[in-house]
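Construct the entire structure; sequences and hints are all you get.
In case you want the letters, here they are:
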Amino acid sequence: AQKVTQAQTEISVVEKEDVTLDCVYETRDTTYYLFWYKQPPSGELVFLIRRNSFDEQNEISGRYSWNFQKSTSSFNFTITASQVVDSAVYFCALSENTGNQFYFGTGTSLTVIP
Amino acid sequence: DSGVTQTPKHLITATGQRVTLRCSPRSGDLSVYWYQQSLDQGLQFLIHYYNGEERAKGNILERFSAQQFPDLHSELNLSSLELGDSALYFCASSPLWGTPAGYTFGSGTRLTVV
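Line by line, the protein sequences give chains A and B.
Heads up, the first sequence is in this note's numbering, so the first residue is 905 and it goes up one at a time.
Heads up, the second sequence is in this note's numbering, so the first residue is 2 and it goes up one at a time.
All the given hints hold, so there is nothing to weed out.
Derived list of chain B stretches under chain A, where covered just means 3 residues or more per stretch with a C-beta under 8 angstroms from a C-beta of chain A: (1) 30-44; (2) 47-57; (3) 108-114.
Treat the hints as calculated values from the structure; they're not laboratory data.
Even glycine gets a Cβ: it sits at the ideal position worked out from N, Cα and C.
Structure below.
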């Protein structure tokens, strides 16, 4: 069965600090996809990244970076030099190869204090 | 604007009532997915339709039903509403069935049952 665990329920950091959000997943599929979404207070789900199981390259996009490690079934997300606008709930999600549904973690609420 | 339109944005109704949530997928997308985000259950997959046919069911209550019409818009019907049905309901669409590529979420309908 597929499962996504985000052990960090809430994190608070001071502006300009770096912060890493953890995501651990479980799946028996050999082909799967991992995602991160941001949910600001307004409520919409903002897509951040998609990574397939065959691509273990880390990715950097501006202040955001992602570390995918199949050996530990983890897909962690780091925000460098955090800003107040980064305050949101962040969800990690897993999709099987069929793409029929996403399995979401419980989310990590990030508060960046000015 | 993600291209996925959900109406209404907010809905307040009384227990025992029935409501219909509407989703218009992104132009050209054949798949529509419904998710429920509640405080106690998190983000959960409800149901998936592809080109008018039901393809997958998740944790959808029997009081809930959905359909996808020939013009590809979808409706989620919630009946005999209970306080616990208060949640944010998301619709997502994707071009095909069988890949999570292009999976796009709408901005959600916030349902409050009083």
